[in-house]
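Number of protein chains: 2
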Amino acid sequence: MIFIDLKRKPEDDGTSEGTGYTQESTLTALDMVPGQLYETIVVTWDESMRGNAAPIGVLCTGERSVTLYLYPGTHTLENILRNRKFTVNVTLDPLIFTEATLGDPGDEMFSSHRGYLHLEGTDAFFTAEVESVKKVVRTDRYGETEIHIVNARTPEIFRGEDFRIVLNRGIYAVIESLINYTRAGFMDPQDLMGRIREMNRIARKVGGPREREAMKRIIRKLESKGFK
Amino acid sequence: MIFIDLKRKPEDDGTSEGTGYTQESTLTALDMVPGQLYETIVVTWDESMRGNAAPIGVLCTGERSVTLYLYPGTHTLENILRNRKFTVNVTLDPLIFTEATLGDPGDEMFSSHRGYLHLEGTDAFFTAEVESVKKVVRTDRYGETEIHIVNARTPEIFRGEDFRIVLNRGIYAVIESLINYTRAGFMDPQDLMGRIREMNRIARKVGGPREREAMKRIIRKLESKGFK
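Residue numbers (the working numbering), protein chains in the order written: chain A, 1 to 228; chain B, 229 to 456.
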C-alpha cells in the first residue's frame with residue numbers, strides 16, 4: 001500500500017483539496033465482494049473534459065473488475081462508449097448522490113487524476129478501463145429495454161481516510177423485510193407479501209449469500225404462519 | 229481510549245471468543261449523531277439471565293444517551309421494565325438480524341460483560357441504563373398503539389476492530405428515491421409519488437439534515453416536472 005497525497009496539485013495529477021488517499025491493489029480493500037452490486041456515483045466526461053456524474057449500481061465481478069448495466073440515452077453511456085474510461089466514486093453523502101442525479105454538477109465537483117475525472121473529496125474512488133461492451137435486450141417489469149453491459153478492469157484504486165463502506169442495498173432489503181415481518185399482525189397480508197417479494201428481488205439482485213439466505217428464512221417463516 | 233481485550237474470560241467480565249474492543253467515551257466514536265435513528269439489535273435478559281435479541285431502531289439523543297420506542301407485548305419491553313438495563317449491538321450481518329428477529333437465539337449467541345448480556349462478536353456494542361420510561365399513545369397508519377418511550381444513558385461504549393458504521397436507513401431512502409426518480413418516465417406517476425412519499429417519511433424519521441434536504445430537492449424537482 002502506497003500512501004498518496006492527492007492534495008498536491010501538479011496539474012492533472014492531483015486534486016485541489018480533499019483527503020489523503022491510500023492506493024490499494026484490489027477492490028477487496030474496499031470490502032467489495034464479487035457478485036455483489038454497490039451503489040456508487042459513476043463519473044464520465046465528454047470530449048472537452050466536461051464532467052458528468054450519475055448514481056449507478058456497480059457489480060463487482062472480481063478483485064480488479066466491475067460490470068455496469070447502462071440504459072440508452074444517458075450521458076454516462078455516451079461518454080463511456082466514446083472514451084472507454086470512467087471512475088467509480090464512493091460516498092455516503094445523500095446530497096452528493098442527489099446533486100449527481102438531479103443537477104448539473106459544476107466543474108468544482110470534480111478533480112482529475114491522470115486523465116480521469118473523479119468526485120472531489122469522495123470517500124474512495126477507482127479508475128476503470130472498458131474491456132468489452134455487449135448490447136442485450138432485457139425484459140423487466142418496465143417492458144423491453146436495450147441495455148449495454150460494460151465490463152471494465154480497475155487499474156487504480158484509492159481509499160480515503162474517511163472511507164467506511166461502499167453502499168449495498170442487500171442489508172437494507174433484509175432489514176425492511178424484518179420490520180415488515182414484525183408488523184405482520186397489523187398489515188394487510190397481500191401488502192406484506194408484496195413488499196417482502198420486492199425486497200427479496202433486491203436482495204437477490206444486489207446481495208450476497210448471507211442476504212439471500214436471510215430472505216429465504218424470512219419467507220419460509222412467513223409461509224409457515226400461513227402467509228403466501 | 230483504552231483497549232480492552234474481551235477475549236479473556238474472568239467469569240462475567242469478558243466474552244469467550246471474538247474481536248478486541250476499544251472502549252470509547254461517546255457515541256460520536258461510532259459516528260452516531262443526535263437526532264438520527266439507527267438499526268441495531270437490542271439485547272435484554274430475563275430474571276435467570278436468559279438472553280433475548282430484537283432488531284430495534286435506536287434514536288441517538290446525545291453523546292451518551294439514546295431513546296427507544298417500544299411496542300407492548302414484547303420480551304424486550306418486559307425485560308427492560310424489569311431490569312432497567314440493556315445493550316445495543318451493532319452489526320452489518322443480515323443473518324444476525326434475521327436470527328434475532330425470527331429465532332430463539334441460543335445462549336451461545338451471547339456474551340456477558342459486567343452483568344450485561346451482549347451479542348457475541350458484534351462489531352460494536354454499548355451498555356444502557358434506563359433513566360426514565362414514559363407511556364404514550366401513538367396514532368400511526370396502523371391505528372392507535374400504546375408505546376413506551378425509554379430514555380437511557382450509555383455508561384460503556386465498545387468499538388470492535390471490524391466496526392464500520394451503524395446502519396441508518398436515511399441514505400437508503402434517498403437512494404431508493406433517486407432510483408425511482410431516474411425511472412419516472414417508465415413508472416405510473418401515482419405509484420412513483422407514493423414511493424417517494426414513503427421514502428420521505430423514512431428519511432425524516434431516521435435521517436439527519438442532509439437526508440431531509442436531499443428528499444426536499446428530489447420532491448421539488450419532481451413537482452417542477454408536473455408530478456404531485
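To be clear, the hints were calculated from the coordinates, so they are not data collected in a lab.
Treat the numbers as computed from the prediction; the structure is a model and nothing was measured.
Just so you know, even glycine gets a beta-carbon here, dropped at the ideal spot from N, CA and C.
Treat the hints with care, since some could be wrong.
Said to hold, decoys possible - Each computed DSSO-like pair below joins lysine-lysine, with the alpha-carbon atoms no more than 30 Å apart: (1) Lys433(B) / Lys205(A); (2) Lys433(B) / Lys444(B); (3) Lys433(B) / Lys362(B); (4) Lys362(B) / Lys205(A); (5) Lys453(B) / Lys433(B); (6) Lys433(B) / Lys216(A); (7) Lys85(A) / Lys205(A); (8) Lys205(A) / Lys216(A); (9) Lys433(B) / Lys313(B); (10) Lys433(B) / Lys449(B); (11) Lys221(A) / Lys205(A); (12) Lys444(B) / Lys221(A); (13) Lys205(A) / Lys228(A); (14) Lys134(A) / Lys225(A); (15) Lys205(A) / Lys313(B).
Stated by the list, open to error - Chain B is nowhere near these chain A residues, computed Cβ spacing over 12 Å in every case: (16) Thr98; (17) Glu99; (18) His148; (19) Leu167; (20) Met193; (21) Arg212; (22) Lys221.
Hint by hint, which ones does the structure fall short of? When the structure is compared with the hints, numbers 4, 12, 14, 15, 16, 17, 19, 21 and 22 turn out to be violated.
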